[in-house]
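Protein sequence lines, in the order shown, are assigned to chains V and C. Residue 282 in UniProt numbering sits at position 282 of the first sequence, with consecutive numbering throughout. Residue 76 in UniProt numbering sits at position 76 of the second sequence, with consecutive numbering throughout.
Rather than coming from a laboratory, the hints here were simulated on the basis of the structure. Built from N, CA and C at the ideal position, the CB exists for glycine as well. Don't take each hint at face value.
[What the hints assert, rightly or not] Under 7 Å between C-beta atoms, here's a sample of chain C residues computed to sit facing chain V: (1) S21; (2) A42; (3) Q66; (4) E67; (5) M75.
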Amino acid sequence: MQLTMKDAQVESFKPKVESALKDESVNGDNSTKSLENTTTSTSKVNVFHTPPISNSKFDLLKSVNTSYKTSDQISQVSVKSSATTNSIGATSTTSSSTMSSSTTANTSNSNMHVGNESLINEEDVEKEVNVLKELPPELMKILDLFIVDLKQPKYAKPLTILQLSSVFQNFYTSFDKNCFQYLQNIQLQNNSSNSNVSTYMNARETLSSGLSGLFARSRSSSVNSNVPIRGRRSSSLFSSDSTTNVTQMLSPEEINKQLKNNELNNLKIEKYMEFCEKDIFKKIIDVGTSAIKPNEMLKSTSINETDELPTKKNNTEKNTELFKLSQLFKNSPEYEKYSNLLHKKIKCLNKLNADNTIDLKKFLEVPSNFQEEDFIVAEKIFNELIYNSIAPCEKLGLLVKLHRSMTSSTEPTSNDEYLSLLIYYVIRANPKNIFLNTQFIKLFRYKKKLVENELFVLTNIEATLTFIDSIKTTDFSKETQEILKRETQEILDISIGKVVKLPSLHHSLSSSNLDQIVELPLSDNINRSASYDGIKTVLDASVKNILGRIKPYAYGKPISRSPSLTSLDNTATVKFSGKENEQFPTGIDETLIGDNSTPEVEKLSLKTPTINNWKKYRDLNFEDLKVNELKEIFEVYKTFANKNSPEI
Amino acid sequence: MNSNVASVKLVLLGEAAVGKSSIVVRFVSNDFSENKEPTIGAAFLTQRVNIDDHTIKFEIWDTAGQERFASLAPMYYRNAQAALIVYDVTKPQSFIKARHWVKELHEQASGDIVIALAGNKVDLIEENGENERKVATEEGQKLADEENLLFFETSAKTGYNVNEIFLAVGDKIPLKRPNDNANENGSGNNQNSSRVQLTDANANAANAGNCSC
């Protein structure tokens, strides 16, 4: 009957899969020709490894054995024994012919394994990626501009945490692109300095070599009609030899080199994004005080939450948060309310456990091989998470570390055990602001990287907190319920999720573009500067932006004139892409950095200036300007200011 | 080298002790090569599978099967493209629970989720005879037919039908081609969408380059 069932299912497979399955049923061979382990992601070498192979603590035999126990037995099964192994091994041998023995399957699989080999090895990663210790100045500049942008009073009202999160996510996305362009530029520069490399520069040369070059190019395209039309970037793979006018195909080595470079660049970008996340929050802490001190007006405008983030640099004191999340969430008070109520509930459960009113271990069915030392490790990680980490990626890394420590010590065999342990740890350790920390990671970790095991551990910790919220007095035995005092019952029976409504965050884990969902309260008298295609000319936009910024400084009335993050993106694009987007101004924000020093402007109208040739700098990059030209631009600005505001 | 890799989030559902984790550990541990993908014990595992000309990378999320954790399940199956609902053929209660999960997924999960039903522990019947069986194959098949599920009877212990069920799921997943999500920068399920795009372009070019006619 088993065989019949199997055959019935096989019919739904495509031919390739079907043949694989037939092989298995007939020959006892296994169809895992199509299964493969991966060796591509070299950056994750230091994370986890598939348990049964590289981690002896996770063998299949134990897992199978556990699943065959009744639920009562499960909590007691956790220690591996040779007897278990033997019994399973014996069972495997007695399997009927319709079922492939695990031993046989494994052996054949190893022979049929098809590897997806990575082009880069650990040495490359060590040499190229791990040597990166900080962001290069070009990228750091973009980050600085973002901080400056954050401090601008351009919103009509304080941003909620979701809106702030969307601002950050958009920045991460643009920064990611900038990293890519930066690395491309470096590669271009390297290629141009290396005459032996037949990539971009040669391709360009070919382009300029007239019809022959075009023919050569069209030849390669016609051969590869299935290759989609690509931009210039990919034409590097079809570069031609300009001296002979014969198309020179890239050799496999060159292709591999190109692919290897791409892989390495991806790893570098990952590293840069990590630096970005870390630096951005460190900088926010740094600029917190320095930004407020010189101009108290900023405080009254209360434009951006980040302005008022606490500054506790070099804080080594215990039990003091390096980064006070409650400040970050202060414009969304519901989060803090939820956090406080949850903290109260956890504290209550902790106390009940401490005075033996409840047996938490038994209640949660904590795996029996749990050792007190495991909790000490977990508690340390929680302390690190709450008090000594700043960036979301750091905090998430600690949660992953916590799971890893559980994996290696208590050896949970399913998520039931992970969850039980996590709940137990959280209640016992009662980490301060654990809820806010979780939400912080969820909202401020770069979404593109919040995937796989990181997303899983975050979900686990969220599930843990949700479960704690759902604990009621009725979950305990009647005897225990009678012991509980009235105030304790009140605390336990409150359903925080129902009392405090949090905004829906579902999109934050699934949506790729928060912009479409979270609307920013831009005080948009003029939309131009706050959109991707907003900036038309260098001076026009620059001056308008400057004026826009100055006005609220004087009156405490924000007007949106500053370039948005998207315009920051454009600025950076110009710097890195060279040829593209030349119409966008560069250095606008650099001009704006010092604009706080002119708060005296009172009322300005934006009329066309009468200065001659004022548009002549339109096509220049900021970096190309000389000091005297900058002076001239400043003169233009002054004329603007004086002309339009004669009363000043 | 197959650079066309699609990530698929697959969530495991079923009553406690039906063998959810065992099935996935069996699936993932079926070859001896070193795997450097991130995993979290038996709770989060990844495995790549080649089907036809493309590769699927399964990101397998285990869920807690105990009843008291049932309300947490939506947090896990959110955005899942596939679900494997497991029951124990020797425990009728677990089949009832499986029915419940099917219903819940149809109501709560994303519309195009691929659901597979696995009647696990058939090895017990091989060992102890048909008397051990409490859920008939026909019952499982009927539920699968009614609810448009994939259905297999499996044994994590022997590996019977374990690979097959995952291959069938992978075969049924409506895959997004890289071009489909070229503009979806930052998609949760395709972490390298933009870069995959580039690699693909180069990979195509690489193939083209090999053709030197």
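Hints, one by one, checked against the model:
no., hint, in the structure
1, S21, "4 Å, holds"
2, A42, "5 Å, holds"
3, Q66, "5 Å, holds"
4, E67, "10 Å, violated"
5, M75, "5 Å, holds"
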